[in-house]
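Engineer: Please work from the sequences and hints to get the whole structure.
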Amino acid sequence: MTTHDSNANEEVPQPERSVSRRSFLRGAGLTAAAAVLAGCGVTGADTGSGAGAGAGASAAAGGAATGGASASAAAGGAATGGTAASAPAAAAGAGGGTQLEFWAFSEDRLKYVRELVQSNTWTSAHPGVTVNFRVFPYNEMHDKLLAALASGQGAPDLADVEISRFSRFIKGERVGFIPLNDRIGDEINNLYTAAATAPWSWQDQIYGLGNELNTCVLAYRKDLLDQAGITTPFETWDDVIAAGKQISNEQRKMFAIHDISFGDWYMMAQHAGTTMFDEQGNYQGANERSVAAMQFCHDLVYKHQIAGIAPAEAGNEWSPPTYKAAFAAEQFVATFGPPWHFGGLIPAIQEQSGKWFAQALPRGLGDSKPTANFGGTGMCITEQSKNADVAWELVRMCNLTTEAVLTDFRIRTAYPAYKPAYEDPALQAPSEFFGGQKIGELYSSIAPELTPFQQSPVWPEATEAMSRLVITPVMQNQTDAQTALTELGAEIERIKQQG
Amino acid sequence: MSVQQSPETAPAIRPRTRGGTRSWWSRHEHDIAPYLFILPFFLIYGTFFLYPVISSFILSFYKSVGIGSRTFVGASNYVQLANDPRYLKALVNTTVYTLASVFILSPLALALAMTVRSFLVPSPNMQSFYRIAFFLPNLTSFVVIALMFALIFNKDFGLLNQALAGLGLPKIGWLRDTRFAMPSIVMVAIWTFLGINSLYFLSGLQAIPEEINEAASIDGATRPQTFWHVTLPLLRPTILFVVVQAVIFSYQSFDLPYLLTAGGPSDATLTLAMYLYQTGFSRFNMGYAAAIGYSLAMIAIIVSIFQFGLFRLWGEE
Chain A
1 MTTHDSNANE
11 EVPQPERSVS
21 RRSFLRGAGL
31 TAAAAVLAGC
41 GVTGADTGSG
51 AGAGAGASAA
61 AGGAATGGAS
71 ASAAAGGAAT
81 GGTAASAPAA
91 AAGAGGGTQL
101 EFWAFSEDRL
111 KYVRELVQSN
121 TWTSAHPGVT
131 VNFRVFPYNE
141 MHDKLLAALA
151 SGQGAPDLAD
161 VEISRFSRFI
171 KGERVGFIPL
181 NDRIGDEINN
191 LYTAAATAPW
201 SWQDQIYGLG
211 NELNTCVLAY
221 RKDLLDQAGI
231 TTPFETWDDV
241 IAAGKQISNE
251 QRKMFAIHDI
261 SFGDWYMMAQ
271 HAGTTMFDEQ
281 GNYQGANERS
291 VAAMQFCHDL
301 VYKHQIAGIA
311 PAEAGNEWSP
321 PTYKAAFAAE
331 QFVATFGPPW
341 HFGGLIPAIQ
351 EQSGKWFAQA
361 LPRGLGDSKP
371 TANFGGTGMC
381 ITEQSKNADV
391 AWELVRMCNL
401 TTEAVLTDFR
411 IRTAYPAYKP
421 AYEDPALQAP
431 SEFFGGQKIG
441 ELYSSIAPEL
451 TPFQQSPVWP
461 EATEAMSRLV
471 ITPVMQNQTD
481 AQTALTELGA
491 EIERIKQQG
Chain B
1 MSVQQSPETA
11 PAIRPRTRGG
21 TRSWWSRHEH
31 DIAPYLFILP
41 FFLIYGTFFL
51 YPVISSFILS
61 FYKSVGIGSR
71 TFVGASNYVQ
81 LANDPRYLKA
91 LVNTTVYTLA
101 SVFILSPLAL
111 ALAMTVRSFL
121 VPSPNMQSFY
131 RIAFFLPNLT
141 SFVVIALMFA
151 LIFNKDFGLL
161 NQALAGLGLP
171 KIGWLRDTRF
181 AMPSIVMVAI
191 WTFLGINSLY
201 FLSGLQAIPE
211 EINEAASIDG
221 ATRPQTFWHV
231 TLPLLRPTIL
241 FVVVQAVIFS
251 YQSFDLPYLL
261 TAGGPSDATL
271 TLAMYLYQTG
281 FSRFNMGYAA
291 AIGYSLAMIA
301 IIVSIFQFGL
311 FRLWGEE
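Heads up: the protein sequence lines correspond to chains A and B, in order.
Per our numbering: the first sequence ends with 499, consecutive numbering throughout.
Per our numbering: the second sequence ends with 317, consecutive numbering throughout.
I should point out that these hints are in silico values taken from the structure, not numbers from a laboratory.
None of these values were measured; they are calculated from a predicted model.
It is possible that part of the hints are untrue.
[As the list claims (entries may be wrong)] EDC-like cross-link-like pairs, simulated, lysine to aspartate or glutamate; straight-line CA separation at most 16 angstroms:
id	chain 1	residue 1	chain 2	residue 2
1	A	Lys-355	A	Glu-330
2	B	Lys-155	A	Glu-317
3	A	Lys-144	A	Glu-162
4	A	Lys-355	A	Glu-432
5	A	Lys-438	A	Asp-424
6	A	Lys-245	A	Asp-226
7	A	Lys-324	A	Glu-351
8	A	Lys-245	A	Asp-299
9	B	Lys-171	A	Glu-250
10	A	Lys-303	A	Asp-480
11	A	Lys-355	A	Asp-223
12	A	Lys-419	A	Glu-187
13	B	Lys-155	B	Asp-177
14	B	Lys-89	A	Glu-491
15	A	Lys-324	B	Asp-156
16	B	Lys-63	A	Glu-173
17	A	Lys-496	B	Asp-84
18	A	Lys-419	A	Glu-449
[Stated by the list, open to error] To be clear about the criterion: a stretch of chain B counts as covered by chain A if any three or more of its residues have a C-beta under 8 angstroms from a C-beta of chain A, and this derived list gives those stretches:
id	segment
19	153 to 160
20	281 to 290
The beta carbon of each residue, even a glycine, is placed where N, CA and C say it ideally should be.
Structural biologist: And the structure:
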């Protein structure tokens, strides 16, 4: 109960109500404006890539992302004026405050880039340039990158683009990455282009640069084969099969063949002398050599019974922890694949170090090429980058310098696609894991035989359809290779029409 | 307590004039203010619901592939749906999953709720315990659930296959074999959603007055008769709710199949929502993805209307 006098009682409540409403509306307006500003602030932190904000936003994104190099961030904090115009100056070592946003999907692959960015080579040449690394899961990173490029905002300066995902970026009116032909220049002659540029090229333009030479080799537990009195290296696949029959039993098989990933067929098809698409981008997977490659994979499991179905998981169809655990438990004792395949496997089977041996693929399947080209990741600079010159500097140093590619070799045994690096003794040194074998010599000797990569705008859909319509049904013994690969041709035509 | 004032007295009490003329705001304040108060809701609704709904509907009439291209194609995206074997496969898979939700999950949930209400769990404390236990899977992230079941279903090291091996039975590729993948997903869905659906039924059962059951008992009805002729008809609103939400959410199913199988093997667990995601965000064929989305919405609406009609008929009977 109020004790105001009557006049006050008549007048005071009304102004209070009116002011209250006004205040409320004013307050609501201010709150809305603050929210809009805050929203802009968040966007700025996300894309503007202050070292601290970038790391914070990355952490908020689920903890998968990691902040930029702290040393660089400190240098960046003291510098100013990082703009597109100043980027060349920064590249020359005079610029400051330039922020590079780098998206990736593999922390393992990123290790050598991080090391490079923290090295004197980079920091002395590019003081004040901060690189904010953000690591997303494989699918999410590529989907997010495509969405950002399509929407016209939010894309990073540069990104790792996996070989199977690049063609998703070439479907529209423009690619979304900047061409690198002029920037690469004569260095193109120093590259194994089948691995370094072809997978990220379209219509004579190079949009990405990869550092890995993904030459596939056959590797096996030589100690077990020696114990069984088997002669190595193998000359033919028949020799391999005979050896497999000798050492395989209920608990142990020679190979692990995948039933939800197209990789085994892909390697064997190239080995046999064919690929999924021809030079014009037409499907040719139902040809004799391709069918023979698929039948070969099938027969290893069901006819010769020297292979088991590889442990695999949704989202990690190639080498999940269970796959590596099976090798560690000696359930499988041989495999074929590129260096990154062994790079992932070796840490899980370190106790088998010195017992493995690698060789070129044996003869006896189609053209019997000594190797195949499988996998790879290229660095692409997005068209939205305001620091394209600095971004190129990073791409160049990561892919076209011996120091960087040897760092990746040291960290995950990724053999380089940059030819001058092969002159370095490090690549010719004996490999402890492969029993003192000079495996660098092996890779460089067969690298010229790499099958050129034939790009297609429907490459990811085709490989996905390959797994769905061919690999799973054939490797689960539900259909034959010829029928499945013929059906795949019809499906790829349908995919092309669908767009 | 509100303070009312007549418009006639307001100027005298609250002079807000400049040079004797009331401001525009003073004259329209009472008309406009209510709309301003409800404006935030409509702004948010319009921006985050209405605009995307309309925009995606328009988008479904365009061919929008990759970066920078967009062409009007009329209804061809919808026509294409009817001839797309992957869409039809996803539709069949999603329908199977939905039917399992309705005809396996819902009856099991009802049975579980009846059990907790029955003489088998006489203690109120134990009933509370079960209610909490039923709700726990709902507090668990789908990612955690998927990781857990991926281990249980693992062909080489999984718990289920170890149990089968112990019985001398062959190993099964629960998530890798096209015959077992969808049943495995359904099993995980049952584990995940059984509890919350039981709670719905439990609350429905608790709303039925005990006197009605007693009256039926006095009239000589057996337990099954009481269930069929008393309990079940009175549970009709709860059953309708459970079934309708099961159908709607099942047709939107994405998380569990995506995490456990990513739609494989050979599309055996591909759902409509997953196909929409793949089409829209992996292939960036946004027009076609929008058409898939609208077809999904239409299916859910039609099935729900059918269910409402069915339950109305049941009520009339």
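Engineer: For each hint, tell me whether it holds in the structure or not.
Structural biologist: Structure-based check of each hint:
1. Using a Cα cut-off of 16 angstroms, the hinted pair Lys-355(A) and Glu-330(A) holds, with the two alpha carbons roughly 12 angstroms apart.
2. For the proposed pair Lys-155(B) and Glu-317(A), the alpha carbon gap of about 14 angstroms is at most 16 angstroms, so the pair holds.
3. A threshold of 16 angstroms between alpha carbons decides the hint, and for Lys-144(A) with Glu-162(A) the separation of about 14 angstroms falls inside it, so the pair holds.
4. Note on Lys-355(A) and Glu-432(A): the hinted pairing holds, with a Cα-Cα distance of about 9 angstroms set against a maximum of 16 angstroms.
5. Under the criterion of a C-alpha separation no larger than 16 angstroms, the hint pairing Lys-438(A) with Asp-424(A) is consistent with the structure, at around 13 angstroms.
6. Straight-line distance between C-alpha atoms of Lys-245(A) and Asp-226(A) comes to about 15 angstroms, which keeps the hinted pair within the 16 angstroms bound.
7. A threshold of 16 angstroms between alpha carbons decides the hint, and for Lys-324(A) with Glu-351(A) the separation of about 13 angstroms falls inside it, so the pair holds.
8. Taking the CA atoms of Lys-245(A) and Asp-299(A), the gap is near 12 angstroms; set against the 16 angstroms cutoff, the hint holds.
9. Taken as a hint, the Lys-171(B) and Glu-250(A) pair is honoured in the structure, with Cα atoms around 13 angstroms apart against an allowance of 16 angstroms.
10. For the hint linking Lys-303(A) to Asp-480(A), the alpha-carbon distance of about 13 angstroms falls within 16 angstroms, and the restraint holds.
11. At roughly 5 angstroms between alpha-carbon atoms, Lys-355(A) and Asp-223(A) fall within 16 angstroms of each other, so this suggested pair holds.
12. Taking the CA atoms of Lys-419(A) and Glu-187(A), the gap is near 10 angstroms; set against the 16 angstroms cutoff, the hint holds.
13. At roughly 10 angstroms between alpha-carbon atoms, Lys-155(B) and Asp-177(B) fall within 16 angstroms of each other, so this suggested pair holds.
14. For the given pair, Lys-89(B) sits about 14 angstroms from Glu-491(A) by alpha-carbon distance, which is consistent with the 16 angstroms threshold.
15. With a C-alpha separation of about 12 angstroms, the suggested pairing of Lys-324(A) with Asp-156(B) holds against the 16 angstroms cut-off.
16. A distance of roughly 13 angstroms separates the Cα atoms of Lys-63(B) and Glu-173(A); the hinted pair therefore holds under the 16 angstroms criterion.
17. Under the criterion of a C-alpha separation no larger than 16 angstroms, the hint pairing Lys-496(A) with Asp-84(B) is consistent with the structure, at around 13 angstroms.
18. Taking the CA atoms of Lys-419(A) and Glu-449(A), the gap is near 14 angstroms; set against the 16 angstroms cutoff, the hint holds.
19. Chain A is given as covering the segment 153 to 160 of chain B, and this holds because 4 residues of the stretch bring a CB closer than 8 angstroms to a CB of that chain, at least three being needed.
20. With 6 residues carrying a beta carbon less than 8 angstroms from a beta carbon of chain A, the segment 281 to 290 of chain B meets the three-residue requirement, and the given coverage holds.
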